[in-house]
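Mapping of the sequence shown onto the working numbering: position 204 corresponds to residue 204, and the numbering continues sequentially without gaps.
Note that these hints are calculated values from the structure, not bench results. Certain hints may be false.
[Claimed, not checked] Derived lysine to aspartate or glutamate pairs resembling DMTMM-like cross-links, with alpha carbons at most 25 Å apart:
{"hint": "1", "residue 1": "Lys-134", "residue 2": "Asp-36"}
{"hint": "2", "residue 1": "Lys-258", "residue 2": "Asp-195"}
{"hint": "3", "residue 1": "Lys-198", "residue 2": "Glu-77"}
{"hint": "4", "residue 1": "Lys-78", "residue 2": "Asp-167"}
{"hint": "5", "residue 1": "Lys-71", "residue 2": "Asp-195"}
{"hint": "6", "residue 1": "Lys-71", "residue 2": "Asp-194"}
[Stated by the list, open to error] Here are the simulated distance ranges between beta carbons:
{"hint": "7", "residue 1": "Ile-93", "residue 2": "Leu-49", "range": "32 to 40 Å"}
{"hint": "8", "residue 1": "Phe-120", "residue 2": "Val-229", "range": "42 to 50 Å"}
{"hint": "9", "residue 1": "Ile-131", "residue 2": "Leu-104", "range": "23 to 31 Å"}
{"hint": "10", "residue 1": "Leu-230", "residue 2": "Arg-85", "range": "42 to 50 Å"}
{"hint": "11", "residue 1": "Ser-83", "residue 2": "Ser-163", "range": "18 to 26 Å"}
{"hint": "12", "residue 1": "Ile-4", "residue 2": "Leu-166", "range": "43 to 51 Å"}
{"hint": "13", "residue 1": "Gly-37", "residue 2": "Ile-131", "range": "38 to 46 Å"}
{"hint": "14", "residue 1": "Leu-168", "residue 2": "Asp-194", "range": "36 to 44 Å"}
{"hint": "15", "residue 1": "Ile-251", "residue 2": "Ser-163", "range": "35 to 43 Å"}
{"hint": "16", "residue 1": "Ile-12", "residue 2": "Ile-100", "range": "13 to 21 Å"}
Don't be surprised by glycine CBs; every beta carbon is placed ideally from N, CA and C.
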Amino acid sequence: MSDIRYYISDLISLTKPPIISLLLVTAIGAVFLASDGTPPFLVSMYILLGGSLGAAGASVVNNVIDRNIDKSMKRTEKRAVASKRVSPTMALIYGVVLNIGSFLLLFYTVNFISAFLTIFASIFYIVIYTIVLKPRTTQNIVIGGAAGCFPPVIAWVGITGNSGLLDLSPWFMFLIIFLWTPPHFWALGILMKDDYAKANIPMLPVIHGMKRVTIEIFIYSIAILFTTVLFWWFSSLGYVFLVLSLLNNIIYSYFCYKLLIIRDRQAARNAYLYSLLHLALVFLFIVIDTLI
C-alpha cells in the first residue's frame, strides 16, 4: 500500500505543482478582470482545471525529455523519471493523457479557442523550448518562456468568448509574464550556475557571466514596471491596482538593482525569491481591484 502511495506521489511531483499554482494565480487574475468582478463559478472552475491539466501534461513530458539532463544536476537528480522511479514510457503516456484530457475538457465545457491555446502552449513548451531552444541558446528562456504566458489569455477567452482575443488586456498580461520570466530564471541560473554548466545548458549566467546577466535582469525589471503601468492605462483597472502594483514593482526592481551592484549569491537568491511573490501579487492585485 505504501508503494502505491509513493508512486502516486511521484506521479503528482512530475506535474510540478508549484509551477501550476503560479500559473493558476495568473489565470485567476484574468478571470476576475474579464468578468469585471465576481466571475461565473462553473466556467471558471472548468478553465482552471483544464489549464492545470494542460500545464501538468507539459511538465510531465518535459521530465521525460530532460531526464538525462536532470540526472546530471543536483537540483533535479531526484526527479521521478531521472531517478527511474517512474519509467519514461509510463510518464510519456501519463503526460499525453493529461494534455488530451485538458483539450477535451476545455473544448466541451468552455470553447474551442481556450482548448486550442492550451494545447498550443503545451506543444510550444515541449517542442520549441525543451527540445529546440533549451540546449542550444542563451535566449532559451526568453523565447521559450512564452509558453508560460498563455494562462491569462486562455482564461480571458474562456470568459469573454473568441472575440476576447482582440482585447488588449489579456495580451498585456501575457507581456508582463513574458518580461518576468527571463529575470526570474536567470536569478535561479546564477544560483545553479555550476549545475547548468555541468549539464551543458547554455543559460545566460553560464555563458556571459554575472555582469551581463545582472544588467539584463535589472533592465527587465524596469520594463515590467512600465508595462504594468501601460496595462493599467489601457484596462478597466483602478487606482488600487496602480498604486499596489507600482509599489510591488519598485520593490522587485530594488532587489534586481541590489543584485546588479553586489553580484553575489545572496542578492541573486533575494531577487529570485521575491520574483515568485512579485508575479503572484500582480495578479492578486487585479482580483482585489476588480472586487472593490
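**Prompt:** Of the hints given before, which are not true for this structure?
**Reply:** The structure breaks hints 1, 4, 7, 8 and 11; every other hint is satisfied.
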